Each structure stands twice: as C-alpha cells, then as structure tokens.
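**Student:** Here is what each chain is made of, one letter per residue.
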Amino acid sequence: MTIDSTTIAQAEPTFQRSHTVRLPRSPKVIGGAVIVAIFGLFAAIGRWVAPYSPDATDTKNWVQHVLVPGTGPGTEFPANYYPLPLGPSAAHWLGTTVFAQDVFSQLVTSTQATLFVGLLAAAIATGLSIFFGVTAGYIGGGTDEGLSLVANVFLAIPGLPLLIVLADYVPYAGSSVILVAVIIAVTAWAYSARVLRAQTLSLRNRDFVEAARVSGEGRLRIIVAEVLPNLIPIVAASFLYTTLYAIYAYVAISFLGLGGSPTSSPPGLWNWGEMLREGFANNAVRGGWWWWWAPPGVCVAALGTGLALLNFGLDEFINPRLRIAGFTGKAARKAGINSRTATVITPVMRKSAIPPTGAMPADAVLEIRGLTVDYGYGEDAVHAVSDCDLVLRRGKVLGLAGESGSGKTTLALAAVRLLRPPAVITAGAVRFRSPKGVVDMLDATQPQLRAVRWSEIAVVLQSSLNALNPVTSVGAQFDDLLRAHRPLLGRSGRADRAGELLKMVGINPDRLRSYPHELSGGMRQRAMIAMALALDPQVVILDEPTTALDVVTQREIIEELIGLRDRLGFAALFITHDLSLLVEIADEIAVMYAGRVMERAPAASLFHAPRLPYTHGLLHCFPPLHGRRAPMEGIPGSPPDLRDLPTGCAFHPRCRWALEQCRTQVPQLSLVDGSRREVACWLHDGGQTVPDELARRDPMLVAQ
Amino acid sequence: MSALLRRLLVYLLAAWVALTVSFLLPRVVPGNPVAGAVARASQSGNCNEQCVIAIETQLGFNVHQSLWDQYVNYWENLLHGNLGHSWSENAPVSNLILSYLPWTLALLGVATTTSFVAGSMIGTLVAWRRGSLFDWLIPVATFFQALPYFFLAIVLVLIFGQTGTMLKWFPSLFGYDIFGAEPGFNLPFVESVLAHGILPAVTVILASIAGFILAMRNQMITTLDDDFVLVAEAKGLPTRTVIWYAARNALLPVVSNFTIAISLVVAGQILVEIVFNYPGIGYHLYDALGKLDYSLVQGIFVVITLVVLAANLLADAVYVAIDPRARQAA
Amino acid sequence: MTKPSAPILEGQNLVKHFWVKQGRGPFARRAPIRAVDNVSIRLDAGKVTALVGESGAGKTTVGRLLAQVVRPDAGRVLLDGKPAPAGRPRSYAAQVQMVFQDPFASLNPVHRVRHHLARPLQIHGFGTGDVDAAVADLLRRVALKPPDQFASKFPHELSGGQRQRVAIARALAVRPHVLIADEPVSMLDVSIRLGVLNLLADLRDEERLAILYVTHDIASARYLADTISVMYAGQLVESAPSERLTDSPAHPYTQLLLSAAPDPDRPAPPHLAGRGAPPSLLAPPSGCRFHPRCPYAMDICKRQAPPSVTVADGHVSACWLHVDAAQRTSSENGVPVGAGSHIDKEKQKR
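Protein chains in written order, with the working numbering: chain A, 2 to 705; chain B, 4 to 333; chain C, 179 to 528.
Mixed in with the good hints, there may be bad ones.
Quick look at which bits of chain A chain B covers, simulated, 3 or more residues with Cβ under 8 Å [unchecked claim]: (1) 145-154; (2) 298-306; (3) 376-388; (4) 481-494; (5) 607-618; (6) 628-641.
What follows is a set of in silico ranges between Cβ atoms, one per label pair, in the way DEER data are often shown [claimed, not checked]: (7) C:R353 <-> A:A631: 27 to 35 Å; (8) A:R222 <-> B:L70: 38 to 46 Å; (9) A:A360 <-> B:S135: 24 to 32 Å; (10) A:S203 <-> C:Q300: 24 to 32 Å; (11) A:Q666 <-> B:R328: 52 to 60 Å; (12) B:R328 <-> C:R268: 25 to 33 Å; (13) A:S203 <-> B:N189: 41 to 49 Å; (14) C:A483 <-> A:R630: 27 to 35 Å.
Because the hints were derived from the structure by calculation, they are not lab data.
Nothing here was measured: the structure is a model prediction, and the numbers come from that model.
C-beta atoms are modelled at their ideal positions from N, C-alpha and C, and glycine is treated no differently.
My request is simple: use the sequences and hints to build the entire structure.
**Tutor:** Structure below.
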C-alpha cells in the first residue's frame with residue numbers, strides 16, 4: 002500500500018507536493034527576515050554610520066550633577082550624586098551615558114561585535130555538532146555510543162555557569178571576541194549534535210543511503226553528498242537557534258563583566274551586554290535614564306524575536322503538520338469556514354442544492370448521495386471525491402476498491418464527518434438510519450454526531466498501532482469508551498464487558514493490562530475490531546484493516562469479521578486496494594477511480610463480468626494462483642494526479658477502448674443489466690458495441 | 004528501569020566532568036592566571052594582600068604537590084563536603100552555599116513548576132483552539148521567549164518595583180526586608196520573603212513560560228493529526244478526554260527536552276537574582292566573581308551543576324512514569 | 179531439473195544473527211535473533227528466483243547477504259564460483275545490484291534523476307563517454323520516455339511506478355549480472371505492479387540477468403519467477419519450480435500460505451491449517467520451527483530439525499512427512515493417517 006490513512010486524512014499527497022520545496026512565506030518568516038536583515042546591515046556598516054566614536058565624551062554639556070533619588074536629606078542614605086546623562090536630542094538621538102558618550106553610536110558599534118560573536122560561535126558550534134552528530138549517527142556502534150555520551154554529558158552540564166567559570170579563568174578571554182565565541186561554542190554544540198545524530202540515524206537506514214552504498218559509493222561521499230543535503234533544514238534551524246543562544250550568552254557574560262570592557266586593559270569591544278552592564282552599574286534604572294539601558298535590551302529582544310520567527314518558519318518547513326495547521330487555518334477563514342477548535346468535524350459548504358432525498362431504501366442503514374469532497378478552498382481546491390453515491394445495507398459487506406488517491410478513504414471518512422480541514426464537503430447528502438430515527442449527517446451538530454459516533458458507526462483504520470493511544474493500556478481505552486457511552490455501567494461492569502469483547506475476537510482478557518506496543522500487529526487489529534463492536538454499532542467502516550498484516554493473519558481476521566457480521570448483523574464498509582480479496586468477502590463492490598465511483602455491482606457479477614474497462618484491467622492485475630502462467634498486461638500508465646485530472650472520463654488516457662466522447666464528457670453512473678448494477682462508462686450508454694471482454698454473462702443474472 | 008540507570012550514569016559522568024573541569028581549569032589554563040586575576044583585581048581596587056594569597060592557594064600556586072595528588076586531595080575534600088574556604092566571607096564555602104541554596108531552590112522550584120504547568124496548559128489550549136484569537140499568543144510568546152531574563156527583570160523593577168520609578172507595588176531589592184524583619188520563623192519575615200519573591204518569580208515565569216507554550220503547542224499540533232486522536236473523536240469521547248489523549252502524548256517530547264529548558268531557566272535566574280540582589284547562589288556567584296573569591300565561584304558552579312543534574316534526573320523519572328514504552332525499554 | 183550450468187551467485191549455508199538487547203537493568207545482555215539460519219540458495223543467469231515468506235521470515239536478510247550489504251556469521255557467498263571478496267569492493271558492486279522496496283525512500287529527495295543514474299556510471303568508470311547519453315539510454319531501457327524530460331526531474335515529481343523504474347535503471351547502470359529485488363512492487367499501486375514485474379521479466383529474458391525476487395505475495399512470485407523458495411522463521415522450508423510449488427506444495431507451511439492468499443476463484447472460504455503467528459526468533463522452537471502450528475506435527479518434529487528432502491526433480495522440502503517412516507529415527511513416530519493421505523493425494527495429482 003502506498004499511502005497510509007494518516008496522510009490521506011491529512012491531505013492528499015499530491016496536494017502536499019507543491020509545498021515541499023520552498024520556505025513558507027508567512028508574515029512571521031518575512032517579519033523575522035526583515036528584522037535580522039536590518040541588524041545585519043547595521044552590523045556591517047554601523048562603524049561608519051555611527052555619528053560619534055562610542056568612546057568619545059561630549060564634555061560640553063556634561064557637568065550637571067544630580068542627587069540620586071532616595072538618597073540625601075530626608076532619607077536614611079547619605080547623599081549620593083551622579084552626573085546627569087542627557088536625554089534624546091537632535092545631537093544625540095538616544096541621549097548620552099553618565100560619561101557623556103553617545104548611546105546611539107555605542108549601540109550601533111555594539112551591534113557588530115554582538116552579531117559577530119553570535120554568528121562565529123554558532124558557526125563553530127554547528128560545525129562541531131555536524132561533526133559529532135553526523136559521525137555518531139552514520140557510523141553507529143561504539144563510536145556512536147561514545148560520542149553520544151560526550152554530547153549528553155555536555156548537555157546535562159548547565160551552559161551559563163560553565164561559561165562563567167570558563168570565561169573567568171581563561172585570562173583576558175573577554176578581550177578577544179574570538180576566544181569568547183569559542184568558549185560559547187563549547188557550551189552550545191551538544192543540543193544540535195543530539196538532534197543531528199537522531200536525524201542522521203534515521204537517514205542512515207533510509208533506502209537511498211543503502212542504495213548509494215550498494216552502488217559502490219564511498220563512505221565520505223555518502224555522508225557529504227547523500228546525507229548532509231537532507232539535513233540542511235535542520236542544520237539551518239540549529240544554526241539559528243545557536244546564534245540566538247550565543248548572543249544571549251555573550252550579552253549575559255558581558256553583563257556579568259566577563260565579556261571584556263572597552264575600558265579595561267587590554268580593551269574589549271563594545272557590545273550590548275557591556276552597555277547594559279554599564280547602565281545597570283551606574284544606576285541608570287533608578288535614575289530613570291531609560292534611553293541608556295533600554296535600547297540594548299530592546300535590540301537583544303528584537304534580534305532574538307527575528308531569529309525566533311525565522312526559526313518558526315523553518316520548523317513549519319521541517320514539520321509539514323505545523324505548516325498545514327497554519328496554512329489551512331488562514332485559508333479556511335478566507336473561505337468563510339469557521340473552525341475554532343481542532344475537533345474533528347468535516348466542514349460542510351454546499352454550493353449546489355441538496356440532492357432530492359426520497360425515503361431511504363428499507364434495508365439501508367447509511368445512504369450517501371452525490372457526496373463531493375474538496376481538499377483546500379477556492380482556486381486551490383482539489384476535488385478528492387466527486388458526486389459519489391453509496392448505500393450500506395443491514396448485514397451486508399460493501400467493498401470499496403480503488404488505488405491510492407482514488408478517494409476511497411476520503412469518501413468513507415467524509416460521510417461520517419471524520420476528515421480534518423482542509424477537507425470540506427461541498428455537495429451531497431448523507432443519511433444514517435439509527436434505531437431512533439434518521440440522522441442527516443451533514444446537518445448534524447457536534448453533540449448529535451457524538452451520539453452517533455461509535456455507538457452507531459465505528460471505524461477501524463489501517464494501522465492499529467497508530468489508532469490506539471500509545472501511552473495508556475488497552476483496558477483503559479475500553480474503559481474510556483464505555484464510560485462515555487454507557488454511563489450506567491460501573492467500573493467492574495466496564496471491565497467485564499471489555500474482557501468479554503476481547504474474548505470475542507480471540508484475545509485473552511489478561512491483555513487488557515497490556516499497552517499497545519506490547520501486542521503484535523494482528524492482536525492490535527483484533528483489539529481495535531473488538532473496540533469497534535463494543536457498542537453494537539449499525540455500521541463498521543474498515544479502512545484497509547488487514548493491509549499491514551501478513552496473509553495468514555489477514556485471513557484469520559477476515560474470517561473473524563465475517564463471523565461477527567453474521568452474528569451481530571452490522572453493515573460493513575470494507576475499503577481496500579486489494580480487489581481480489583474483496584471479491585471473496587464482499588456482497589457488493591464499488592470501484593473508485595480518481596474520486597468517482599465508476600462501477601457498482603454484486604461481487605460475483607463484478608468479478609466474472611466486469612462492465613467497466615478499469616475494473617476489467619484491475620482484475621487482470623492480480624496473477625492467478627492456478628492454471629497456466631501467461632503474460633499479463635496490467636493497466637498502462639499511472640493513476641492520475643488529482644490536481645490535474647484528464648478531461649472527460651479520468652480513465653480515458655489508460656483505456657484501450659476510449660472513444661472520442663470519453664475525452665470530453667464525464668460519464669455518469671447509470672444502471673445496466675437490470676437493476677442490480679451500475680457503471681459509469683460511455684461504452685454502455687446503448688449506442689456503442691460493447692467489447693466482448695466487457696459483455697460477459699453476469700452470473701447473477703443467470704442465477705435469476 | 005534500566006533507561007533510568009543509564010541516565011543516572013550520564014549524570015554521574017557529567018558531574019565528574021564538571022568537577023574535574025572546575026579542578027583543572029585554574030591549574031592548566033595557559034599563562035599565569037594569578038597575574039591576570041591580580042591585575043584585574045588591582046584595577047577594580049578590591050584585592051588586598053589577603054586576597055592575593057587566597058587566590059594563589061586556591062589556584063594551587065604555592066602548593067608543592069603533583070597534580071594527581073592535588074586531584075586526589077580535591078576529591079577527598081569534596082566527599083567530605085569541603086568545598087574550600089571563602090576569603091571574602093571568611094567562612095567555609097559549603098556553609099555559605101547551604102545558606103544561599105534555599106533561596107535559589109525555592110524560587111527555581113516555584114517558578115519552574117508554575118511555568119511548566121501553566122505553559123503546557125496554555126500551549127495545549129492554543130493548539131486546540133487554533134485559528135481563533137489564541138493564535139495571537141504565538142508572536143507574543145515568541146517575543147517573550149526572545150527577551151533576556153535580566154532585561155525583563157530590569158523592566159519589571161522599573162514598572163512595579165519599589166526601587167523603580169513608576170508603580171512601586173512590590174519590593175524589588177533583596178530576599179526580604181533586611182531592615183524590618185528578623186530572619187526566622189516569624190510572620191513578618193515570612194510575609195516579607197513572600198513579597199520579595201513576587202517580582203523575581205514573575206520574571207522567571209514570564210521569561211520561561213513562552214518556551215513551554217510554544218513547545219507544547221507545536222507538539223500538540225503534530226499529535227492532533229495522529230490517528231489515535233482521530234479514533235478518539237470517532238469514538239465520540241468527550242472533548243476533555245480527546246484533548247487529554249493528545250496532551251498526554253504531546254507532553255512526552257516536552258518533558259524529554261526539559262534538560263535544555265532547565266539549563267536555560269537556571270542561567271536566566273542567576274542574572275535575575277543579580278538584578279534583584281536576591282540572596283541566592285546566582286547573586287553570590289556575581290558577588291564572588293567581583294571579589295575574585297575563586298573558592299566560592301567554584302563551589303557555586305559545582306552546586307549549580309548538581310542541582311541541574313538532579314532536576315534532569317527528576318524529569319527523566321517523570322518521563323519514565325508517563326511513557327509505558329520507556330518503562331520497558333531495555 | 180538439475181541445471182547444467184553453474185550458478186552465477188550462490189549462498190551456501192548462510193547464517194545471520196542480529197544481536198538485540200534482552201532483559202532489564204544492569205543485567206541486560208545481548209541475545210542473538212536467528213534471522214537467517216542455514217539457508218542455501220542459488221541464482222542462475224536468465225532466471226528469476228523468488229524468495230517468499232511472511233514479514234520477519236528473514237527473506238530480506240538473505241537478499242542483503244547475497245548483495246553483501248551484511249556479512250554472514252557463517253556460510254559463504256560465491257560469485258561465479260569464487261568466494262565473494264570481503265568488504266564489498268566495487269568489483270562486487272558492479273556485478274550484484276539491488277532494488278529496494280520503497281521507491282519513495284530509495285531515491286534521495288534532494289537529487290535529480292540524472293544524479294541517481296550518473297553516479298553509478300562515474301563510480302564504475304563508465305562515465306568517460308557521454309554521461310547524458312548513457313543516462314538517457316538507461317531511462318529508455320526502463321521505458322521512461324522521453325528520457326530527457328525524466329532526467330531533470332526530482333523524485334517527488336514522479337509517480338511511484340516511475341520512481342521504481344528509476345531505481346531499477348540505477349541498478350542497471352553498472353551492468354550487473356545479478357539483481358536483488360526486495361519487494362519491488364509491494365509499495366506500488368496495483369494497476370502498475372505488473373508493468374514493473376514485466377520489466378524485470380524482460381531484463382531476465384533479454385539481458386540474461388539473474389534475479390532474486392523477494393516478496394510476500396506468492397501469486398506474483400508464481401507469475402514472475404522460475405523457481406520459488408519459501409522461508410519460515412529464518413529457514414528455507416521448500417523450494418521448487420514455481421508452478422509445481424503452487425500447484426502441489428509439499429510443506430505444510432507452504433500449503434497454509436497458499437490457502438491464506440486471496441484467491442477470487444476459490445469456490446468456498448479456505449480452511450486454514452496452522453493458525454497462529456511465527457515464533458520469536460530469540461528462542462525458536464526446537465526441531466522443526468513450524469511444528470507448534472503444524473497440523474501434521476509428529477514427535478520427531480519437536481526433537482529434530484527436518485532434513486531437506488528431494489520430493490521430485492528440483493523440488494526440495496524440509497519436512498519429516500517426506501522422510502520414509504523406516505528412515506525416521508525412532509519407530510513411535512508413524513505418519514499420521516490424515517497427513518500421509520494428504521501428501522499422497524498431492525502426489526497422485528501430478
């Protein structure tokens with residue numbers, strides 16, 4: 002199987018593709034880039050645009066002495082005088098210090114050293130972390146254990162105290178920005194190294210690295226040309242993070258007087274921390290001389306915010322889920338969809354009229370009419386499911402077959418409103434007949450849906466490991482479910498029922514105490530099925546429930562499911578790409594292609610006498626287990642890209658019987674061979690000669 | 004269990020490295036550290052002859068012992084709780100630190116716990132109500148995360164502090180009213196301590212909470228897309244339970260990154276203590292640096308390291324308790 | 179069916195143990211997982227050999243052992259009759275190539291198709307001439323046309339089937355004699371699987387490649403392969419020409435596998451003989467590893483590993499059922515009536 006249900010529920014893969022290569026251009030990222038660029042510019046040219054030398058004293062006005070507030074007559078403290086710095090003026094944009102030095106010039110000059118130390122330390126630390134992290138991750142084994150230990154030890158020792166001790170002991174450290182940068186780097190590399198190691202470790206086991214190894218590529222070249230390019234976003238993120246950290250660290254040790262003062266010998270460089278130290282030490286705060294101490298602090302915070310915003314953008318780039326969360330929220334608001342929480346309810350925005358709904362067929366439990374589902378909004382919308390009809394009947398298994406991207410999972414989950422935005426239902430109607438009456442699923446409110454969910458319609462997903470909460474025991478998850486829906490049952494009643502359910506699917510009730518990771522794949526899927534049946538639902542949606550399992554386990558689980566269906570009488574929607582399996586277990590099969598149901602028929606009819614060219618082709622994609630071996634063709638071409646569907650019938654480019662009409666007009670699902678089956682194909686609209694392959698005798702008709 | 008033991012080994016090793024670095028640094032740094040120190044001290048004018056002798060002894064300058072013997076000696080002293088003698092306070096370093104430590108631990112404990120709990124809860128809420136007004140918290144939190152602790156401290160002192168110029172609501176100097184209250188278990192003292200703790204604690208909380216909010220929010224958003232959350236919704240569980248499912252899982256990486264967080268908070272708090280003249284180990288570290296009291300500086304470094312390592316071990320224990328997969332990890 | 183020609187690549191009595199941590203606390207020790215235990219397999223020019231089994235059966239490890247990506251703990255790999263050199267030198271890479279399961283993971287997302295195909299050419303010294311022309315030729319051989327268009331694409335711009343074709347082209351670039359294809363179609367859409375299988379068949383027929391087709395899908399193995407070998411819990415249980423193996427399986431596990439496989443032609447739901455799951459390879463069962471599940475298990479199966487028995491020409495099965503009762507070590511282990519008659523029936527069918 003190519004795509005697990007997670008990705009489908011998130012967004013169609015084709016939809017994600019367009020966003021993988023470039024950085025997201027959110028206001029956050031742009032804002033961050035602008036801030037960082039301004040500081041970069043000042044760092045580069047500051048020395049020359051500063052109106053004064055940072056050390057020059059403007060003695061003309063510097064003679065005023067003032068009493069420090071809170072001292073002198075009337076207080077307990079002896080009178081204390083300070084020279085009065087000048088407030089902002091045309092001559093001194095940010096005023097002066099008590100030493101009559103121009104604050105703006107100091108600030109601009111400081112930018113250079115501060116940024117230089119930050120970038121140099123980050124460069125050294127990133128270099129170290131790449132070396133340690135990538136080497137450890139790629140080589141593995143003892144080297145990895147050793148290097149990881151070193152990194153973990155460094156990580157555990159608090160950075161700033163170590164930095165203070167180092168800066169304090171290394172003589173004149175503060176006077177050399179390079180030495181300061183090296184010392185900061187030594188305390189800063191470990192975190193990035195750990196992140197890079199973990200990433201490299203996962204990359205090392207990726208097939209493309211193994212493929213390079215198999216093709217005879219050397220180790221160094223694999224690291225440099227195959228592994229490192231994939232780490233660039235993470236290296237960039239850790240570089241930004243380390244720059245941020247290094248600037249704080251430099252400012253902090255300068256504030257402590259360890260970063261080298263311009264007045265000491267040998268003199269250090271002006272930097273923001275030193276400005277803050279001087280201001281703080283000379284009572285700038287108590288004196289109310291905000292223009293002196295505030296600008297360097299604001300600069301640190303602003304540059305920090307800029308770097309953090311950039312990092313935020315990188316995070317969204319690295320973790321697509323964050324990106325989609327931000328991206329869809331805004332697009333949804335623009336499209337007028339108000340989803341203020343992350344509750345999973347597929348929004349409904351019907352543009353066309355609701356299709357006429359007569360009385361539901363007598364044995365129908367879930368009826369889907371004309372359902373259309375988009376991913377995204379407006380211009381960018383991808384039509385994942387278009388105009389689909391399905392009816393689930395009591396006690397019957399309806400098979401839904403199709404390839405990845407055909408919309409089978411989307412259709413099923415949208416019908417019960419379990420797709421997250423950016424999915425949106427744009428047309429159709431879904432009705433569910435519960436014992437208490439008919440529920441319109443698309444008009445239902447959240448409480449109404451909650452009442453239907455699981456107690457009437459249960460869902461089993463492909464990967465049971467992901468479907469069970471990994472941190473609580475299986476029993477606790479049964480308990481939560483029963484407590485929510487069977488409030489009258491006591492604690493022991495719930496435990497008994499859970500044990501009963503597990504026994505029903507052939508698991509020892511002792512397993513209630515187990516955590517999901519302690520069970521095998523087959524057992525987890527059985528536990529999920531037991532959970533699905535816990536409330537005697539009318540409908541069970543099974544989304545590729547056995548795809549991840551081995552054939553023997555698959556067969557056992559299917560036997561169990563069919564047995565339970567016979568006993569309990571629920572209707573099942575069985576979704577799979579494996580048509581050959583479906584033919585064995587389903588009563589009726591619907592075949593989807595490119596978001597549409599293209600053929601629907603009783604299983605035997607569909608298998609022995611397909612009417613749709615695609616179904617015919619698909620049935621010939623499964624090599625038989627008996628008879629003579631003969632070359633088979635499969636279906637030429639690839640499944641279509643939903644963003645760029647062929648005109649007319651989406652299958653026409655791969656169809657060997659395609660007519661002129663197929664290129665331009667979309668065929669509609671219509672009845673053929675009586676009332677039991679439908680097909681959407683121009684070959685069957687009456688005016689054409691149907692190819693022999695598509696005109697076999699329907700065994701069900703013969704039986705009748 | 005074994006995972007925890009492994010972590011304990013890492014921390015023991017980290018402690019050993021920190022202690023050894025602290026031993027070796029003054030002895031192996033190139034150049035003559037005494038000359039450098041004395042030069043700096045004479046510049047600031049606060050190193051007398053007593054100080055020079057103390058520095059020399061402390062740096063092993065006139066000690067006629069091999070480096071190895073000194074090292075063995077150092078460990079013997081450490082294991083007896085002897086961290087040396089502070090010349091500036093004329094008292095054993097260990098006694099001094101024991102008197103500083105409660106201030107720091109109380110502030111750190113209260114502030115970090117509040118910040119972690121509140122931050123995780125707010126982060127959860129922001130992620131759950133994404134697309135709502137809560138989204139404005141993200142840039143605001145980013146800004147606060149970028150604000151240096153001590154700068155925030157200065158701003159808060161200015162606005163709310165009695166040593167500031169504006170509202171003068173809260174005391175903003177020292178750990179208690181050194182003129183009005185007698186240290187001991189009496190009401191005025193306790194009240195005074197609490198009042199003096201407000202601004203420092205608020206500073207540390209404000210500066211550190213943003214990191215927890217953002218981390219939790221990002222983890223929650225990732226987790227909310229997981230299948231088990233979808234299944235929890237499909238099960239019709241109450242919203243409370245669904246959020247709890249996701250938050251329990253999202254919390255795991257946040258807790259495992261606590262190592263980094265605690266390091267940053269400790270670093271920030273050292274500077275905050277300095278701004279408030281708060282009598283914890285951070286302020287006295289600053290004080291000792293100025294007085295060139297190397298014994299005290301080293302002792303404080305060692306103790307801070309041990310405190311951070313203990314906090315890490317606690318975080319690991321919490322992690323093992325909340326992740327069943329870690330519990331059986333061999 | 180004895181093949182007159184010598185095999186191109188042969189694995190003899192291969193054993194591979196992976197070490198995993200066991201136990202807790204300071205008493206944790208490493209225990210071996212017997213991933214592959216005494217497996218012999220041969221690949222011939224112009225033939226496809228399929229290796230079938232469930233996940234964890236060790237089939238992928240056998241493929242990797244043959245490609246010398248991992249070294250065997252015991253046994254040896256012979257290339258053209260000579261022991262494979264240690265350290266997997268380029269000369270070996272030039273002869274034995276691999277195709278991986280997941281075409282979304284086996285191509286580096288940061289490099290264009292051209293890079294993936296040009297690198298092997300350059301490494302192995304075919305890069306002296308016109309590399310672009312050689313790349314185009316490779317793309318044509320795997321039916322990606324027009325080649326110029328494909329060469330400049332990034333992997334994410336291709337569909338799954340196209341990616342797998344690029345992966346095959348990369349393997350072909352060094353002009354190997356042996357191709358190890360590890361589940362090459364299991365991640366692909368159903369409708370394009372046959373296209374890739376047919377491509378492998380063409381390479382076998384036209385370029386006389388020896389191909390190892392590792393798969394869990396016994397129907398596709400029957401379609402593509404000349405010989406099928408079935409693995410269970412790290413051991414080879416049966417090996418035969420593919421039609422023979424699927425039509426008259428001799429090992430109870432193979433029978434189970436066939437009965438569980440999806441088969442729309444089946445008139446009634448199959449009867450599964452041997453429910454349950456494969457054993458933990460940390461402590462595999464004594465004797466025959468299938469005996470706890472085997473419906474025909476006898477006493478001897480629990481005590482002694484079965485020998486490989488030649489059931490028919492080219493058909494080997496490792497099962498006590500095929501050893502004459504007289505030859506079985508102790509007399510108390512008669513052939514159970516059901517099992518014996520079952521096997522006999524199978525024989526009569528032929």
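**Student:** If you check each hint against the structure, which ones fail?
**Tutor:** Checked against the structure, the hints that fail are numbers 3, 5, 6, 9, 12 and 13, while the rest are satisfied.
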